[in-house]
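Asker: The whole structure should be built from the sequences, with the hints applied where relevant.
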Amino acid sequence: MRPSETRVPGWVFMMGGVGLVGMALALVVTGDVQRFFANWIVWLVVLLTLGLGALFMVALEHVVAARWSVPLRRVPERLASLLLLLVPIAGIGLLALLGSRPLYPWAAPGALEDKILAGKAAWLNPGFFTLRVALCFLLWWVFYAVLVKGSLRQDEGRDAAFARRARRHSVLFLLVYAPTITLVAFDWVMSLEPKWRSTIFGVYLFSGSVWSGLAAITLGVLYLKKQGRLPGVGPDHLYNLGGLMFAFTCFWTYIAISQFLLMWYANLPEEVIWFAHRSRDGWGMVAILLAVVHFAVPFFALLSRDAKSDERRLSFMAKWILGAHALDIYFLVMPSLERGVLLGVMEISAALFFIAAGVYWAARSMRMGADMPTGDPNLAEGLEFHL
Amino acid sequence: MTSPAAVGVVGLFDSPEALLAAIPRVKARNLGALNAYTPYPVHGLERALGIPRSPLGYLVLAAGLFGVLVAIALQGWTNAIDYPQVIGGKPFFAWPAYFPIIFEVMVLLSAFATFLGMLGLFNRLPYLGHPLLASDAIAEITRDRFALSIEKRGEHLDLHAAEQALLTAGSHSVEFLFPTVVVKEKKPEDLPFAAFATISLIVLSAILAGWAWHWVIKLFPELPPMAHMLAQPRLDPQEESLFFMDGRAMRTPPAGTIARGHRPYPFQPDRDDEKAGRLLANPLPQSEKVLVHGRQVYETNCAVCHGLLGDGKKMLSDKYMAQPANLHTARIRQYPDGRLFHVMTVGKGTMPAYGPFLSEDDRWSAVHYLRVLQQSQNATEEQLAAASKGLVFEEKISPFGRNDRDVSGRNDSQEKKP
Chain X
6 MRPSETRVPG WVFMMGGVGL VGMALALVVT GDVQRFFANW IVWLVVLLTL
56 GLGALFMVAL EHVVAARWSV PLRRVPERLA SLLLLLVPIA GIGLLALLGS
106 RPLYPWAAPG ALEDKILAGK AAWLNPGFFT LRVALCFLLW WVFYAVLVKG
156 SLRQDEGRDA AFARRARRHS VLFLLVYAPT ITLVAFDWVM SLEPKWRSTI
206 FGVYLFSGSV WSGLAAITLG VLYLKKQGRL PGVGPDHLYN LGGLMFAFTC
256 FWTYIAISQF LLMWYANLPE EVIWFAHRSR DGWGMVAILL AVVHFAVPFF
306 ALLSRDAKSD ERRLSFMAKW ILGAHALDIY FLVMPSLERG VLLGVMEISA
356 ALFFIAAGVY WAARSMRMGA DMPTGDPNLA EGLEFHL
Chain Z
439 MTSPAAVGVV GLFDSPEALL AAIPRVKARN LGALNAYTPY PVHGLERALG
489 IPRSPLGYLV LAAGLFGVLV AIALQGWTNA IDYPQVIGGK PFFAWPAYFP
539 IIFEVMVLLS AFATFLGMLG LFNRLPYLGH PLLASDAIAE ITRDRFALSI
589 EKRGEHLDLH AAEQALLTAG SHSVEFLFPT VVVKEKKPED LPFAAFATIS
639 LIVLSAILAG WAWHWVIKLF PELPPMAHML AQPRLDPQEE SLFFMDGRAM
689 RTPPAGTIAR GHRPYPFQPD RDDEKAGRLL ANPLPQSEKV LVHGRQVYET
739 NCAVCHGLLG DGKKMLSDKY MAQPANLHTA RIRQYPDGRL FHVMTVGKGT
789 MPAYGPFLSE DDRWSAVHYL RVLQQSQNAT EEQLAAASKG LVFEEKISPF
839 GRNDRDVSGR NDSQEKKP
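For the protein sequence lines, the chains are X and Z, in the order given. For the working numbering, count along the first sequence from 1 and bump the result up by 5. For the working numbering, count along the second sequence from 1 and bump the result up by 438.
One or more hints might be untrue.
To be verified - What follows is a list of derived Cβ distance ranges for each label pair:
1. GLY287/X - GLN815/Z: 35 to 45 Å
2. TRP515/Z - LEU266/X: 13 to 23 Å
3. GLN676/Z - SER263/X: 34 to 44 Å
4. PRO538/Z - PRO274/X: 22 to 32 Å
5. ARG686/Z - LEU266/X: 27 to 37 Å
6. GLN815/Z - SER263/X: 39 to 49 Å
7. ARG318/X - LEU546/Z: 28 to 38 Å
8. LEU188/X - PRO462/Z: 52 to 62 Å
9. ARG463/Z - SER263/X: 50 to 60 Å
To be verified - Residues on chain Z that point at chain X, a partial pick, calculated with CB under 7 Å:
10. HIS481
11. GLY482
12. PRO534
13. PHE537
Bear in mind the hints are in silico, worked out from the structure with no lab data behind them. Heads up, the beta-carbon is just placed ideally off N, CA and C, and yes, glycines get one too.
Answerer: Below, the structure is given as structure tokens:
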């Protein structure tokens with residue numbers, strides 16, 4: 006176990022650089038600020054849900070006192086540090102509220118003349134929005150410090166009481182996670198079309214959050230395992246990760262269908278407008294693509310028992326899932342611009358830049374602490390885990 | 439009477455670890471079929487015994503996919519083919535609405551496949567008694583001991599070698615296993631009969647239950663929970679609403695309310711029939727797109743009364759006593775487009791007004807489609823001959839005269855000629 010072995014490969018910097026230049030060029034040449042920020046929000050939400058999903062898995066382990074995942078726990082703990090990277094990204098994202106034609110219609114200068122928007126102004130106004138974002142980050146940071154930093158400290162002190170404390174704090178975190186991920190969904194994504202609302206939207210984003218978090222954890226585990234840094238972690242541990250990814254594939258589909266079906270049934274103009282925006286101008290094809298990429302393929306690919314513990318297949322599916330999650334968020338955000346399917350230099354550059362940033366951060370985070378929570382008294386039991 | 443030969447040997451162990459440690463040692467001797475019996479599932483047992491992967495998963499997958507197909511077929515057939523009925527303004531084949539049932543049937547059939555597959559594949563039913571059940575060991579196994587057995591595989595089992603193997607592997611008590619059904623030799627031809635009897639019993643009781651339920655519903659139509667939908671949470675005419683303060687069931691829209699996309703319509707029913715026909719003109723082109731849409735509008739809204747062909751043969755029961763007009767009478771064929779639009783908009787006699795439900799485009803599209811229907815049913819010999827010139831009929835004309843694109847296309851070009 007030599008943490009310093011994690012070197013960030015050179016292509017990540019290249020990719021990030023190309024993406025950054027591409028985004029800047031596209032922004033300067035077209036002057037299309039809205040589109041720039043739409044892409045920014047897409048990737049903000051992708052990375053944010055992923056980081057929160059990782060922290061959620063840490064907390065879940067403590068709450069249910071899972072043993073099998075103890076040897077893997079350092080991976081989600083490290084990935085949760087993405088939340089720190091997201092502070093500046095969210096800060097820049099807040100600029101989307103400014104200007105004469107901001108990305109968020111409720112923040113536009115004349116928005117209050119609209120009766121409906123005026124009625125929502127107490128909630129949807131730049132000041133309160135910023136406050137909520139800040140509050141969310143503060144809460145996440147507190148729990149990151151308690152759960153992740155606490156776990157790192159446990160390595161040194163071998164503090165057996167940590168498990169009990171972590172369990173209580175994790176319960177609190179779950180109570181905080183539910184409303185804050187709902188805020189992410191409602192504020193950053195749903196308010197792009199401020200007259201539309203869906204009460205299940207928070208759950209929708211939650212399902213994607215845990216799904217992508219699991220995929221990132223799987224990739225991290227496979228990466229460390231390949232380097233021989235997780236001795237004792239075997240196919241049975243991987244099987245559980247694969248099983249959870251499979252489960253959340255179904256869960257996301259269930260939630261997505263629930264949201265669609267009820268609105269489709271009732272066919273109320275103020276509800277179906279959101280789906281209308283997502284079935285016109287080429288978005289209908291994207292919707293079908295999403296159903297295939299986000300459900301059909303992972304469902305059948307992860308169905309068999311072998312697929313859930315086979316390293317090569319898992320690694321492929323984990324990357325696939327991350328891509329599908331990004332497509333999902335793209336599908337949530339971009340159609341709000343009502344400008345057809347946007348896929349150009351801006352989108353590709355943004356993807357390159359943020360993927361590079363995410364990979365860079367995740368790879369760097371793999372240096373944090375020991376590769377396994379060596380101070381956790383349950384580590385040995387976790388390593389013995391067999392199906 | 440000679441005592442029956444033992445068919446196996448079972449040895450008890452005190453802990454799952456002892457059992458797992460013994461397995462490879464006994465296995466190496468290769469004396470017979472190895473089996474383990476434990477009071478609860480023990481991790482790693484399958485792998486140690488080398489039990490091959492069960493094919494049950496494939497069975498369940500197939501059953502689940504079959505369930506998906508069954509559910510789609512069932513709903514598609516009942517809703518779109520056998521008894522097409524508009525529900526909530528949705529198309530007949532309203533696939534999103536099918537998801538819940540698809541899901542349920544998939545789960546149901548998968549569960550059946552799992553359960554029955556387990557009985558068949560693992561419990562090997564009808565397999566009436568495992569030798570272990572007659573042993574003394576079984577009491578211990580269901581309590582807190584872990585057992586390993588060596589059972590006869592093929593003809594021969596060296597009982598003493600097996601006993602020895604279990605003892606050296608650490609078992610503290612070893613017992614011989616004897617077949618449970620002693621009196622009667624198991625005859626292989628009995629098995630199919632038992633299976634047949636079991637299955638027919640299940641099928642028979644299902645038929646009986648269905649038949650009984652059929653009569654129960656018939657004789658006691660008001661029996662809950664079906665009750666022939668007599669009890670509905672709706673307000674009947676003149677009934678008081680407990681929900682609204684003013685006690686009325688229907689709400690009056692606020693003053694000045696205008697429905698989305700509404701345009702004032704100046705013509706009155708009956709009185710202005712003729713005037714509307716003179717002044718209104720169809721703004722839509724007679725394109726394929728419009729006709730396809732018009733057909734959808736017609737079949738969704740009008741066909742229940744006027745029939746799919748427009749011949750006034752209603753699909754409703756005779757309890758709907760009015761006689762919908764035959765749309766192919768000379769009088770109605772002479773109506774200008776505007777008058778058809780007008781009838782649709784404000785209604786006629788007992789025919790309801792469709793203005794509030796269908797957009798103007800919907801109605802005008804339906805007018806175009808109605809023209810096509812009329813043409814299709816009333817074409818003269820010469821017109822047919824002219825239209826079919828150079829055409830080779832490959833398709834059979836269906837008895838419903840609904841040969842889709844060809845027919846409408848032909849009428850389309852026909853109409854433009856005169």
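Asker: Minimum Cβ distance from HIS481/Z to chain X below 7 Å?
Answerer: 4 Å, holds
Asker: So does GLN815/Z sit 39 to 49 Å from SER263/X, Cβ to Cβ?
Answerer: 46 Å, holds
Asker: Taking 34 to 44 Å as the stated bounds, is the beta-carbon spacing between GLN676/Z and SER263/X within them?
Answerer: 39 Å, holds
Asker: Taking the beta carbons of ARG318/X and LEU546/Z, is their distance inside 28 to 38 Å?
Answerer: At roughly 30 Å between Cβ atoms, LEU546/Z and ARG318/X fall inside 28 to 38 Å, so the hint holds.
Asker: With a cut-off of 7 Å on the beta carbons, see whether PRO534/Z makes it to chain X.
Answerer: Where the cut-off is 7 Å and the nearest Cβ of chain X is about 5 Å from PRO534/Z, the hint holds.
Asker: Is the interface hint for GLY482/Z satisfied, with its Cβ closer than 7 Å to some Cβ of chain X?
Answerer: 5 Å, holds
Asker: Can you tell me whether the CB distance of ARG463/Z to SER263/X sits inside 50 to 60 Å?
Answerer: 55 Å, holds
Asker: Regarding TRP515/Z and LEU266/X, is the given constraint of 13 to 23 Å on their beta-carbon distance met?
Answerer: 21 Å, holds
Asker: Between GLY287/X and GLN815/Z, is the Cβ distance one that fits in 35 to 45 Å?
Answerer: Given a distance of about 41 Å, which is inside 35 to 45 Å, the answer is holds.
Asker: Is the hinted range of 27 to 37 Å satisfied by the C-beta distance from ARG686/Z to LEU266/X?
Answerer: At 32 Å between Cβs, range holds.
Asker: Using the C-beta atoms of PRO538/Z and PRO274/X, is the stated range 22 to 32 Å upheld?
Answerer: 24 Å, holds
Asker: With 7 Å as the cut and Cβ atoms as the points, is PHE537/Z at the interface with chain X?
Answerer: This hint holds: PHE537/Z lies near chain X, its Cβ roughly 6 Å from the closest one there, short of 7 Å.
Hint compliance for this structure: every hint is met.
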